[in-house]
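Student: Please build the complex by placing chain B on the supplied structure of chain A, with the hints as guidance.
Spelled out from the first residue to the last, the chains are:
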Amino acid sequence: MTSDPTLLTIAEASALFESRKLSPVELTKACIAKTEALDRTLSSYITFTPETALESAKDAEAALMGGKRLSPLHGIPIGLKDIYDTAGVATTGHSRLMRDRVPAEDATTVAKLKQAGSVITGKLGTWEFAIGGPSFDLFHPIARNPWNTECQTGGSSSGSGAAVAAGLVLGAMGSDTGGSIRSPSALCGISGIKPTYGLVSRKGVLPLSQSLDHAGPMAWTSRDCAIMLQVLAGHDPGDPASAQEAIPDYTAMLGKPVKGMKVGVVRHFYEKDHVATDSVRAAVETSLEAFRDMGCIVSEITLPPLIEFAAVNMVIMSCEAYSIHQKHLIETPELYGEICRDRVMLGSLLSGSDYVNAQKRRRELCAEVAAAMAGVDVLVTAASPFPAQKLGDVPKWLMYDKPSITSPFNVTGLPALATCAGFDATGMPLSIQIVGKPFADALFLALGDAYEVATNSRSLRPAIATGWGKAAAA
Amino acid sequence: MTEPITPEAFRVLVDRTRLTLTATQFDELRNAFPKLEALAARLRTTRAVADEPAAIFSPKV
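Protein chains in written order, with this note's numbering: chain A, 1 to 474; chain B, 1 to 61.
Chain A extracted, bound-state conformation (with noise of 0.2 Å):
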């Protein structure tokens, strides 16, 4: 157990509030002091709010001291992805378009998690509504990675990676739409879920494609993710998309054996259809060693080539975000920022029936995955090709250029989880991803638990957040 509390886990602090040794205020006053010292480096929030969040410290310390504790959530500093609306505080899209917008109410999420007592610190870096990034010319600076200043974070939930991970906050919510939970989950060494689609409202979060999108939670483990999960998952009649499926106890599998688990690994994604750099291969095939010293049987599944799934995800995000920016296209490009705009506006040449042509594909995709998964319990395979780049070395189109790894489970809706599996040999963050079958975020959420603790891979945090208090005090 660590002596600074910014680098526990949300399971740990909780259960340290339970036991009176540590408080919330403690708790938050440790991570709006390690935001204080770090953030004109990392760049992590847009907006933050130290006042706001002590308060809500000191309201849930008051109410634990009580014998009032909401959930394992009540007292633990949370972070927001700059799309989530918040009732008073600005709520921007990291766009000058919404640079002065300023919510009237909470997203479904956000107010969730007011209910379940988390201490709201502020509203984290995003790429452009999602999809714009990483950009230089927005209105505030772009997120940088802790484990190497220089690189970027991946995104578009950039800020929530790098806060995680740095651990100036213990969860942040992130959205994802073709990978942008993952991505940053991914490149930051943290654990991430996408969630199977409906199970998380998205009322009140700034859309980018909505056929697509998916809100979920970010943290330094997949146990933590899943008690976010509790208290995030339900039915909410402010999303169309919104599913009505019981909802589980998703802590409840966590720490039981996993052997006997039925893992299929899709290899030729990143061996073959985008092909992963060698310390992303070796990741995953270490990864798969430790499954089978698990217990679990793997074999290998092979589904339909990711150019497939890129080709309907791609279409699918670009006619349904155009249709949502195509008047603000049209009247005011100028406050957007430069990748945002482009690559929202190519959507616009695109023709009714490519849009007709990309769901029909969908349906029939899932049909094909329902199929290939039937043998199997869970899914594994890369989390991204590559670690976290320079920050200046991104190109601009690649995600046209190559097909995304996440994508697959946008398209299919299917749960998916990135957590950290070890580190290249400059000390850069790979990972793998686990998918689920629909509604079944508690079985994935179990093996990434488990996977964490056999290969103790949550062990190791970027130095920037080790050594923050004697940077601070010199």
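One or more hints might be untrue.
Unchecked claim - Derived BS3-like pairs: lysine-lysine, alpha-carbon spacing no greater than 25 Å straight-line:
(1) 35(B) with 272(A)
(2) 396(A) with 272(A)
(3) 21(A) with 58(A)
(4) 437(A) with 203(A)
(5) 327(A) with 203(A)
(6) 437(A) with 259(A)
(7) 203(A) with 114(A)
(8) 35(B) with 396(A)
(9) 327(A) with 396(A)
(10) 35(B) with 29(A)
(11) 402(A) with 272(A)
(12) 35(B) with 360(A)
In case anyone wonders, no lab produced these hints; they're calculated from the structure.
Keep in mind the model is a prediction, meaning the values are calculated, not measured.
Tutor: Using the frame of chain A, we list chain B on its own:
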């Protein structure tokens, strides 16, 4: 590899959108468009009319 689109053909597409592009933006999007067009082309059907699956919706709100 994706096929380039001529400036004249691309102008026709852009004019339908009502977007105002600078010359730089026009060239940037003209160069990028074939990448997206190639993805869309993969989805264009070769099925007979009677074999087309429905893109359905649910009437339940």
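Student: Now look at each hint and say whether the structure bears it out.
Tutor: Each hint, compared with the structure:
1. 35(B) with 272(A): holds, 20 Å
2. 396(A) with 272(A): OK: residue 396(A) and residue 272(A) at ~23 Å, within 25 Å.
3. 21(A) with 58(A): holds, 16 Å
4. 437(A) with 203(A): With a Cα-Cα distance of about 24 Å, the restraint between residue 437(A) and residue 203(A) holds, given a limit of 25 Å.
5. 327(A) with 203(A): Between residue 327(A) and residue 203(A) the Cα gap is close to 21 Å, so the pair holds against 25 Å.
6. 437(A) with 259(A): Satisfied, since the Cα-Cα distance of roughly 18 Å is no more than 25 Å.
7. 203(A) with 114(A): Distance ~15 Å between residue 203(A) and residue 114(A) Cα, so the pair holds.
8. 35(B) with 396(A): This hinted pair holds, its Cα atoms lying about 12 Å apart.
9. 327(A) with 396(A): Status holds; Cα separation ~24 Å.
10. 35(B) with 29(A): Given pair residue 35(B), residue 29(A) is violated - Cα atoms ~49 Å apart, limit 25 Å.
11. 402(A) with 272(A): holds, 12 Å
12. 35(B) with 360(A): With Cα atoms ~21 Å apart, residue 35(B) and residue 360(A) stay inside 25 Å; holds.
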